[in-house]
Amino acid sequence: MFTSVLMIEKALTSADVEFVTTLHGDEEVAFHVLLQPRGDQADRLLRAIDDVALGELDEAAREHETPEGAAAAGQGQQALDVSLAALRAGGSSAQGRLIEDHPLDALKALVDEIGADEVIVLTDPHYVEEFFHRDWASRARHKVGVPVLKLFSHSKV
0 MFTSVLMIEK ALTSADVEFV TTLHGDEEVA FHVLLQPRGD QADRLLRAID
50 DVALGELDEA AREHETPEGA AAAGQGQQAL DVSLAALRAG GSSAQGRLIE
100 DHPLDALKAL VDEIGADEVI VLTDPHYVEE FFHRDWASRA RHKVGVPVLK
150 LFSHSKV
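For the sequence shown, numbering that gives the first Met the number 0 assigns the number 0 to the initial residue and increments by one for each residue that follows.
Think of the hints as simulated: they come from the structure by calculation, not from any bench. Among the hints, erroneous ones may be present.
Taking lysine to aspartate or glutamate and the DMTMM-like style, the derived pairs with C-alpha atoms no more than 20 Å apart in a straight line are [as the list claims (entries may be wrong)]:
#: 1; residue 1: 142; residue 2: 80
#: 2; residue 1: 149; residue 2: 104
#: 3; residue 1: 149; residue 2: 123
Okay, the calculated beta carbon distance ranges per label pair [stated by the list, open to error]:
#: 4; residue 1: 104; residue 2: 14; range: 29 to 35 Å
#: 5; residue 1: 73; residue 2: 0; range: 16 to 22 Å
#: 6; residue 1: 74; residue 2: 14; range: 30 to 36 Å
#: 7; residue 1: 151; residue 2: 2; range: 21 to 27 Å
#: 8; residue 1: 100; residue 2: 21; range: 29 to 35 Å
#: 9; residue 1: 123; residue 2: 97; range: 14 to 20 Å
Here a beta-carbon is modelled for each residue, glycine too, at the ideal position from N, C-alpha and C.
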């Protein structure tokens, strides 16, 4: 069985589930999902810049309305539960957890703990972070010791 760690920041869409569950053809895949709820004030600024870069000015103006940190934990748990159920419904083994601090440390620990074969980072585009190679996938490539695949979410939830 192939073991993938899937890092996400929101609930998986049906297109996302289909995409990640078919990456390895007919090979059986076990997913270990890590979801980090929204970050802090600095993340809000980066998200607003990304929204502007994508031409989503209304989204940029509403960034302050999105729960963050501890206030986002409930929504994060719900997104994780929905994602795990969708992966299982697609025929994959799936378990997961929320991560609160230091996502790359949590990722490295999980990869080592389960002997993961790969890491899949599935997010919306984050142009500012990607430009400076500060996004999860770029930073994980230097930390985890297994291949890291970066994918973009198929649609907004």
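Quick one, are residue 149 and residue 104 close enough, alpha carbons at most 20 Å? Satisfied, since the Cα-Cα distance of roughly 18 Å is no more than 20 Å.
Given a hinted range of 16 to 22 Å, is it respected by the beta-carbon distance of residue 73 and residue 0? Given a distance of about 32 Å, which is not inside 16 to 22 Å, the answer is violated.
Between the alpha carbons of residue 142 and residue 80, is the straight-line distance 20 Å or under? Violated - the C-alpha atoms of residue 80 and residue 142 are around 27 Å apart, more than 20 Å.
A range of 30 to 36 Å was offered for this pair. Does it hold for the Cβ distance of residue 74 and residue 14? violated, 21 Å
20 Å Cα cutoff - pair residue 149, residue 123: holds, 10 Å
Is 29 to 35 Å respected by the C-beta to C-beta distance linking residue 100 and residue 21? Since residue 100 and residue 21 have Cβ atoms about 33 Å apart, the given range 29 to 35 Å holds.
Does the Cβ-Cβ separation between residue 123 and residue 97 fall within 14 to 20 Å? Given a distance of about 18 Å, which is inside 14 to 20 Å, the answer is holds.
Looking only at beta-carbon atoms, does the pair residue 151, residue 2 fall within the given range of 21 to 27 Å? holds, 23 Å
Satisfaction of the hinted span 29 to 35 Å by the C-beta atoms belonging to residue 104 and residue 14: holds, 30 Å
Of the hints listed earlier, those the structure fails to meet are numbers 1, 5 and 6, in rising order.
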